[in-house]
Structures are given as C-alpha cells and as structure tokens.
Amino acid sequence: MIVDVKNLVKRYDKLVALDHLNLFVEEGEIFGLLGPNGSGKTTAINCILSLLKYDKGTIEIFGKPMSQDAYDIKRNIGIIMQNVAVFDELTVYENISYFCSLYIKDKSEVKRLTQEAIEFVSLEDFTKFHPKKLSGGLLRRLNIACGIAHKPKLIILDEPTVAVDPQSRNKILEGIKKLNADGATIIYTSHYMEEVEQLCSRISIIDKGKVLATGTKDELKAMISLGEKITVEAYNLQEEQLDDLSKLTNVSSLEYSDNCLEIKSKKGKNNLIDVLDYLQKNEINFGKIYTQMPTLNDVFLEITGKELRD
Amino acid sequence: MFFRLYKTRIKCLLKNRETLFWSFGFPILLSIFFYMAFSNLTSEDSIDTIPIAVIQEQNIDPSFMELIESIEITEDKKLFHVRSVSIEMAKKLLNEGIVKGIIDYEEDITLYLKENGIQQSIIKTFVDGYMQKSQTIRNIASLNPEVLSQEFLEEIVQHKDYIQNGTMNQKSPDYTLIYFYSLIAMTCMFGCNWGFREMVDIQADQSAIGARINVAPTNKMKLLISNLLAAFTLHFSSIVLLFAFLNNVLRIKFGDDMGLLLLISFIGSLCGISFGAFVCVAFKINVKAREVILTAISIGGGFLAGMMNVEIKYLIATKAPVVGYINPSSLITDALYSLYYYENNSRVYFNLAILSVLTIFFVIVTYCKIRRREYASI
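Residue numbers (the numbering used here), protein chains in the order written: chain A, 2 to 311; chain B, -5 to 372.
Worth double-checking, as some hints may not be accurate.
20 Å max Cα-Cα, derived SDA-like pairs, lysine to any residue [claimed, not checked]:
#, chain 1, residue 1, chain 2, residue 2
1, B, K216, A, R76
2, B, K1, A, K134
3, B, K214, B, D195
4, B, K9, A, Y94
5, B, K86, B, H75
6, A, K54, B, Q200
7, A, K54, B, D199
8, A, K134, B, L(-1)
9, B, K9, A, T92
10, A, K268, A, L255
11, A, K154, A, I60
12, A, K133, B, A202
13, A, K112, B, F(-3)
14, B, K216, A, D70
15, B, K247, B, L171
16, A, K134, B, L8
17, A, K108, B, K1
18, A, K54, B, A210
19, B, K216, A, Q69
20, B, K363, A, S68
21, B, K214, B, L(-1)
22, A, K222, A, K267
23, A, K134, B, R11
24, A, K108, B, R(-2)
25, A, K106, B, K214
26, A, K57, B, Y369
27, A, K106, B, L218
Far from chain B by the CB rule (all over 12 Å, computed), these chain A residues [claimed, not checked]:
#, residue
28, E30
29, F121
30, Y193
31, T305
Hints listed in this document are in silico derivations from the structure and should not be mistaken for laboratory results. No residue lacks a Cβ here, since even glycine has one placed at the ideal position from N, Cα and C.
Isolated chain B (complex conformation) (with noise of 0.2 Å):
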C-alpha cells in the first residue's frame, strides 16, 4: 500500500508543471545567466603579464629595474613586461595600447596611464609601494645611516603580493562559485514548496482532498511518510540534475569531494521539504497567506546567505551568527564553500549537524501537529 500512494504521489507531483519548473528549470536557467554573466567577469579580471614602457633616456636605479623585472604572478610568469623605450615610442605604445602604462624614473617616478582598469590598478600599486618604501629608506638614510644593513634593506623592499591572497586549500578563490553556492542552496530550499503542497493536500481544513483523505482508514504517518518521500524523490533528483548541469555542461567546480557534496544537497533537500511542511501547519491562516509567508521566509533565507549581495553573509556572520545558523540557506552555503576551501571538513558536518537538527525538528512539529488532528474549523 505504501508503494502503491508512493507511486501515485510520484505521478501527481510529475504532472504539476508549475512546481516541476521551479525545481527542475528555473536553478538551471539562473545558472545559465550566472555563468554569462560571471565568466566575462572572470575573463577581465584574470591577471596576465602586464606589459609597461620604461623611458631609457633617464638616469634609472638600477635596483629598481632588477625589481620591477623580478616580480612573478607564478614561477615561470612575469608580473610586468618591461620595454625600455625613448619617450616618444613610449606615448606611440601606450597610445596603441601596447603598454598599460608608462614610468618616467627621473628624481621621483612618474606614471601614465591611459584607461582605467585591473592592470592599471597594479601597476599604480606597485609604483606607488616602491616610492613609499624609497623614501622611508631615504629618511632612515638621513636621520640613523647605521642601521641600513643589507640584510634590513632586503627586507624593507621585499615586494608584497600583489595580486594573490593565500588559500588554505592551494585553490585558486573564485568569488562567483559563492552565487552558484547559493543557487544550489536556493534550490534546496525550493523544496519547501513541494512539502508545503504534501500538507495542503493531507490537511482536512486546508483542501477537499485533504478532508477526503482524513475520512479515509489511512495512517497518517504512512501518508504523511510516503508523500513527503515522493517529493523528496522528485526535488532531490532536481538537485542532482542541477549538479549535473553545471559540473558537466557549465564546468563549475565543487570540489573533489562528490559524495560529501550530494550529502548536503540530500540533507538540504530534506530541510527544505521539511520547511515547507513545518511552515504549512505552525500558521493558523489561511492557504494564501500561508504561501506568502513561505516564499518570504524562502526568499529572505538566501538573501541572508548571499544569494544577492555576499557582503550580507559576512555581515549576519560576524554581526549575528544565530541568524546564519538557524537559516537553512546559509547553513548549506555555507557547507559547500567549507567543503571547496578547507582541507578539514569539521565545519561541512557542523553545518550538517545543525541542517539535520533543523530537519528533524520541522519533522516532529508537522508530525506532532497533524497527528490524530480534529480541526476547530474546516
């Protein structure tokens, strides 16, 4: 018998296109504007070696062309390619744009630039890092010469990073995986619509089938179980098609770690439907407000978890944490990018342990709530 409404269930869920877009077509086509609009976003701000004219007519610190020339992106990629040109040539190529900028070593260091633009920005950065530490050096020079030892100079013109934070996992950060990171917790959270349906269609106040259903010689529990397992199926399988979608046909990495990954998304999944469960039977009101009241619980959610702004999610973790525990979009976020950037997985089952917490209480409350339940009004 169980079988038997499973089935059933699984058959009326598949024909409601409405829910079935949501889950299955709406996470994939905003992956698709993500990437269109992410990979061009990507594709201007990747660092390549940025070529820049040096006017030779000038008397130039020999230190300071051994350091602009020995500055590296990676082993064996050059930050800037350094031309040594006359002036004139030096305008021709910046003006053709074959240099991004141009340094004129007199006494001080003047620089051009033409555009604005990432290149220029580092370009800019470095000169001016280099005329910051020359002149602390000159006023050390001038005011206590005895500590300038080599040793001190080495050390105060070391070049900074400037263009790569250290990661703890030897990855590459890719701030946009945060969006996808969300659209994959967003679309969990979509489940909340399909356990929402699961309660409207076994509450005897809530729909005429819901009433025909409690009149019926059927557990609650085997309903309850077997309905919220049929949506379970069907939204779960939206996730791994989503997956599916963005690791094979967008090539968006996760990570290596595939099953620890499908373990949140199944528990996201279950959080989610188990939400929409909870939501449709803690309030009193009637279905339409109920409704509203979901998709704005939903909604909030991922905008509390950066779906919008990733600024918001820094700003609820560090100005209130409770907040970003308690909200199933952000502890699933959250997870992945754990799973992405750490080497230790502690925080993955910790956000884990709190969604599956969050699951099991929506699950006895719903549980508890319709339970042998008379309604005062029908």
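The following block holds chain A by itself, in its conformation from the complex (with noise of 0.2 Å):
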C-alpha cells in the first residue's frame, strides 16, 4: 500500500474538517478524492503531506510514518498545489530546475530532468518566458512539471485544473494518465466528477470531512437506487399522459419542465423502449432523446441529499 490513513481528524476550533477519515492508495492506481468545495479534500492532503498538524490518527506512505522530516518518504513524493506555485522572478527552464534540485542533487541529473518535464508537458517553446508571461493553461503546466521534475513514486494532484481552458485541460489529464502508466501512483482531487470519472480507477467520495463511500465508478454506482436516465424534448405533455407515464413499470420518477421530460429508471433497469412506446401511441410530438447511465452526481446526490457543485 501507498498511503495508508486510519482516523484522521483535524479540527480547526470547533469546526471538524477532517472526521475520522480514513483512505489507503494502492501501488499503480488513480485514486480520486472527489467531494465539493470545503469538503476537506486540501485539508486531507495538506496532512497527509505533513504540512498540517492533525489532532488524531495516524498517515504511512510507502509503509512508514510520514512526519515533516521524513526526507526519503518526501523524496518519493510529487505535489501540485491547487494554487500555482512558482517563482515570478524565474524562468520556466530556471523554476522548473530549481524545484527539480530540491530533491535531486546531481547537477547533470537535474539538467536531464528538467528537460524532460518540459517535454512532458509541451513547454519547449516557452522555456525563457517568466511565469507573468504565460496563460493560465500553460502556468498550470509549468506547475505540473515543477512537481513532477523529479520523477516522483507518488504524485498528488489538488485541483489541478481549475480555471483551466479545455484544451490544457484534456493535455493536463493525458500527461496524468501518462504518468501512471510510466508508474507513479496518482492522487487526485477534485470537485469535477467528470474529470474523477474519466480518470480514476477507484473514487472517495468525502463531504464535511468524511468518508461517504470508496470504490470504483461502477461499484459507487451500483451503490444507489437509480439506473438509466431517460431525457426526452416533449411537446404538451398533460397532466394525466405524466401520470401514465410515471406508471410505467420501471419508472423511478418523472420531472417535466420546459419542453424537457426527464424519467428515472429503477437501479438495473431500462424504459426507453417503454416510452417512446407511449409516445408513439398516445401520438405525442417529441424531439431529441437522450439516455445517461447514473453519473457520480447522482451517487453524492443520493447519498447526501445536494449537487456536488453546490
């Protein structure tokens, strides 16, 4: 095991922002740790990482205790902090380099190395440019490679792509892919549950602190009760045809608004067929249709009673 955190709790007065929480990270893996803002995704890792004091429980990375000088378990770390971290004053070539001698020590190494990050994250044609002088998708590189330049075991991901373009967001999550199948271990939080989804090979869910649910996509969504969601642009639709319809046999619920109906299918089960079966014979005018398997959203949805982004 990676990281191995048992009864993690970090109070701040009387505000709990870490509930007995409890995570491992298994060799190989994209672990994500999805949950919204100030669930307690920063503030789990900013103790795992020995920055934060924690009023109980106890964190193993590699299988040894993680303390603020444990310099060969941090050797073998790599951070990207949520908020970019790197110098103004410095170059790209110069920040990346300078992070990258912090934990290596030979000379020629560290020069080998910092090539390579840039490489790895497209920067070849930025290298003399100060950060000032970036976009904010090529910032968020530059922080990349200046937490990976060292080639690190473990890397852990806070919120790397917020505020980010799509186009440096899709570059961000192949080189994250990128960087597991060379072997890293990757931790990743966010509060995009596409990003988790896309990504992630085993999910946390976490909310005020806690654990809610752990498991792969597939496993945190057989989890709920819901199954397919069925979207359909319907035109006039009356009061008793949305009562017929919420009868049909597998029909979990039924919202209609603006055009737009939106049916529930019971966990396993499917209505499509069902429906527009209905449609066609009650010679109801439709649209576009759309068919969603239950997404992460309903998973936190379900268990907590709120959207994930609010």
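Once you've looked at the hints, go ahead and assemble the two chains, each given alone in its own frame, into the complex.
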C-alpha cells in the first residue's frame, strides 16, 4: 500500500475539518478524492504531506509513518498544488530546475529531468518565458512540471485543472494518465466529477471531512437505487399523460418542465422502449432523446441529498 | 546543492525590482537630497572673519580695541576685521553690506545691525559679554578696589570661544553627518524586507511556494541559511555601494577606520535581515499585517535613532536608554558616531556587541519557530 490514512481527525477550533477520515491508496492506481468545495480534500492532502498538524489518526506513506523530516518519503512524492507555486522572477526553465534541484543532487541529472519535464508538459517553446507572460493553461502546466520533474513514485494533484481552458485541461488529464502508465501512483482531488470519472480507477467521495463511499465508479454507481436516465424533448404533455408515464413498470421518478421530460429508471432497469412506445401511441410530438447512465453526481445526490457542485 | 540554492536565490532577488530599488536606489536618492539640503546649510553657517566698523570719533577704550582685534577663529584667522571709520562711512558700509555691524563706543556700547544671521549673532554675543564683564569690573572697583590685580583683570576679561566647542577627536563637529549616519542605519534596517521575504517564501502557511518547498526533502536550516545568505550578499552590497557613493561622489567623511565602518555595516545588515525574518515568524497574523508591523517598527526605529529629528536620539538616550539598546537603528547610528568622534573605539565595540546579540537572538528564535514546523492552518 502506498498511502494509508487511518482515523484522521483535524479540527479548526470547533469546526471539524476531517472527521475520522480513512483512506488507502494502492500502488499503481489513480485514486480520486471527490467532493464539493470545503469538503476537506485539501486539508486531507496537507495532513498527508505533513504540512498541517492533525489532532488524531495515523498516516503512513510507502509503509512508513509520514513526518515533517521524513526525507526518504518526501523524495518520492510530487505535489501539484491548487494554487500555482512558482517564482515570478525565474523563467520556466529556471523554475523547473530549481524545484527539481530540491530533490536531486546531481547537477546533470537535474538538467536532464528538467528537459524531460518541459517536454512532458509541452512547454518547449516557452522555456525562457517568465510565469507572468504565460496564459492560465500554460501556467498550470508549468506548475505540474515543477511538481513532477524529479520523477516521483507518488504524485498528488490537488485540483490541478481549476480555471483551465478545455484544451489545456485535456492535455493535463492525458499527462496524468501517462505518468500513471509510466509507473507513478496518483492521488487526484477534484470537484469535477467528469474528470474523476474519466481518470480515476478508484474514488472516495468526501463531504464534511468524512469519506461517504469508496470504490470504482461502477461500484459507486451500483450503491445507489437509480438506473438509466432518459431525457426526451416532448411537447404539450398533459397531467394525465405524465401520470401514465410515471406508472410505467421501471420508472423511479419523473420530471417535466420547459418541454423537457426527464425519467429516471429503477436500478438496473431500462425504460426507453416503453417510453417511446407510449409517446407514439398517444401521438405526442417529441424531438431529441438522450439516455444517460447514473453519474457520480447522482451518487453524491443520493448519499448527501445535495448536488456535488452546491 | 547549497550553492545551487544560493545562486538561484540570488537570481530571484536580483529580479525583484521593488526590493532592489528600496535597497540600492532609495538610500542613494535620499543621500543626494540630504547633501543638497545640508551643503547649503553648511555654507551659510561656516564661520569667516566678520567685517565690523567701529566709529573712530569716539574716545574708545584702547583695551576694547585690543581685545576686539585679538580674537581668533584659528591661529591665522581673526574673528573680526575691524575698520575704524566715521559714522557716515560706517552707515554706508553697513548699508552696502560691506560690514555686518557698527560699534559705537561712548560711555556705553551701542551696536547697530542691519540683518539677522549667524555673524550678527556672534557680534552681539561678543558685545554683550564685553559689556557684562566691564560692568562687573566697575562694580568690583567701586565696592572692593583692592582685589583688582592685573592677573584678576586678565582672567576676568579672558574672552570665551564664541564659535567652537572642544571635540574629543580634534575633529570639527558636523551635525549633518548625523543624518547620513541615520541613512546608513536605515539602509541596514532595510534588510528586514529581504529577511521577511525569505521567510514568506519558505513557510507553508505564508505562500504556495512555501508549501511546495516544505514538501521537498530539503533541510530547512540549509534552505534558511542559503536564502538568508543570498539576501545578505545583495543587501550588504547595497550598503557598500551607498558608502562608495557617499565617500567618492558626495565626499562625505566618515573617519579613517574603513574596516570598522564596514564591520558596523556588516553586522547592521545581518541584524536587519534577521530582524525581518524574526518579525515574519513571530506574529501569527496574515502577511499584509506582518508587513505593516515590520514597516512600523523599522520606521519607528529610524525615528527614535534621530533620523527625522536629532533631538529625539538625545531624548531617548537620557530618558529611556533601554529603548536605544534594543533599537538596531540606534545602535548602528551610535556606533558610527562613536567611530567618528572618539579616539577610543570601546563604545563602537559595545554597540556592535549588543547588535550581535540581537542578531543571534533573532536568528535563534526564527530557526526554532520554523524548525520541523507543521502548521495549524494553511
């Protein structure tokens, strides 16, 4: 096991930021920590990195207790913070080289790794630029390069795609997959469920400092009572018709507004054919049809009663 | 690794234009302003021989003429250049500014002046002193004439030094130097901004960079020393540059012991940097509030060291000497004064010793505060 967090408690006066948090991360996986803003993701990461004092619990990384001066552990960790952490006075190359040199003693090795990191984040054309001259996306890529240049075994990314354009976001996500493919274990925190769903092999959903559920995305979705969701663009549905539709065998719930009919199926069931059949038989005009399997947002909604982005 | 950290840090600091201006540019600008202001002041107040007219028709006491013509500024420089002229000529000379005053010696002395100024004040002080002493002699002669011996008279009419106090190092006092000393002290204390910045950049609860650095497997002490050393290198360079400018361009004289002068600046710079680092770790408030505290303390220290008003320094020295002993600006200023004025350097060493103790105190507290630190909040 790469990371093992047991019963972690962190309080800020009366506010309990982490409430007996338990996590474990296996070697080679991309582990997602999913939760809304303020749920305790960054606090958990800061405790794991021994930056924050915590009130109770144990943290082990690579099988050893983590502490402020556990340099042998730290040497194998790379961190990409939520806030960009680079020196404005140094160029792209100098920044990556400086942070790499905090981990690697050999000068030529630092040079080689710096070059590799630059290529990895595709910043070859910007090596002599100062951070202030970079766009938001490029700056995020520089931030990532500074965190991974020393080739760590464990990489922690704390919301690395906040305020990033879609193109840079895709590049970042592809990069993370590549790092993982190259052997690094990844901890990825985000409140973007799509990213976590796309990227992570295992996910913990966290809210109010507690882990609510952990598993693969399929395991998490299997925990809830909902199945497929059908959205139909249907015109002028009457109360009676809505009532009929809600009585179809596998319908769990139904909503209709602005000519948009949304039907949620019961877990593991499908309603699409029955719904279309009903619309045709009753000569109801309809347009586009979408079907969607339950998302992590549905999981979060069912567990907490609120949307993930609340 | 240490050298690489040090070199990168130097690079970083060299590109911080704001800090560079305040350390390298601002003191030089201020020294130019001081120079412009005080060079005029000095030229107006410098003492030259004062031309005066004495009205010749009158029956002047020869001892008075002898006295007035004998007073000297230096061995070859008389205080007064006396012209014995008619009253009309005297008035003409006074109006034309050729003489600064007219002495009309009848039974009493009457002094005529046209303007106010240091030369006129000297003439008046002389005349008042003479009149007071001659009145004293007259009183003694009428009451107790037998005590009036030649020695007694010589002693009583002995003129005092009108323009000069004795100095301990045979140097003429130049009070404008106090401002330049304070400027050097202030420049030393500007080091606090460098020290502060270094601490912000290595503390996880102060900056994102600090958090990233704290996660790295680098010894905090090594990092602290390399960063502070980089800051010190540049800051001390700024002081040496200021000295070079003052000495070679403005021709300000700081005494002959350049080695000791640099030692004062060296320890002053260390003290300034360590003080900034100390303030950064000592207060548990946000960075902006800490910056305000730092600025307030450093400017307040300069004020108490006499930078804005020389009298304050003496007031502190007499009423609250402890404040002077814990104020680095005051200690630096005092060490520089002592180096210039006194033959004996014991007071310089005393100031340097306290300054060193303060520096060590700041460094130890800073290190203890950041060593193996896990933060309560970030």
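Structure-based check of each hint:
no. : hint             : in the structure
1   : K216/B x R76/A   : holds (16 Å)
2   : K1/B x K134/A    : violated (23 Å)
3   : K214/B x D195/B  : holds (12 Å)
4   : K9/B x Y94/A     : holds (15 Å)
5   : K86/B x H75/B    : holds (17 Å)
6   : K54/A x Q200/B   : holds (16 Å)
7   : K54/A x D199/B   : holds (12 Å)
8   : K134/A x L(-1)/B : violated (24 Å)
9   : K9/B x T92/A     : holds (11 Å)
10  : K268/A x L255/A  : holds (15 Å)
11  : K154/A x I60/A   : holds (17 Å)
12  : K133/A x A202/B  : holds (16 Å)
13  : K112/A x F(-3)/B : holds (16 Å)
14  : K216/B x D70/A   : holds (13 Å)
15  : K247/B x L171/B  : holds (8 Å)
16  : K134/A x L8/B    : holds (19 Å)
17  : K108/A x K1/B    : holds (13 Å)
18  : K54/A x A210/B   : holds (17 Å)
19  : K216/B x Q69/A   : holds (15 Å)
20  : K363/B x S68/A   : holds (17 Å)
21  : K214/B x L(-1)/B : holds (12 Å)
22  : K222/A x K267/A  : holds (12 Å)
23  : K134/A x R11/B   : holds (17 Å)
24  : K108/A x R(-2)/B : holds (9 Å)
25  : K106/A x K214/B  : holds (16 Å)
26  : K57/A x Y369/B   : holds (15 Å)
27  : K106/A x L218/B  : holds (18 Å)
28  : E30              : holds (21 Å)
29  : F121             : holds (18 Å)
30  : Y193             : holds (21 Å)
31  : T305             : holds (25 Å)
The structure does not agree with the numbered hints 2, 8 stated previously, though it agrees with the rest.
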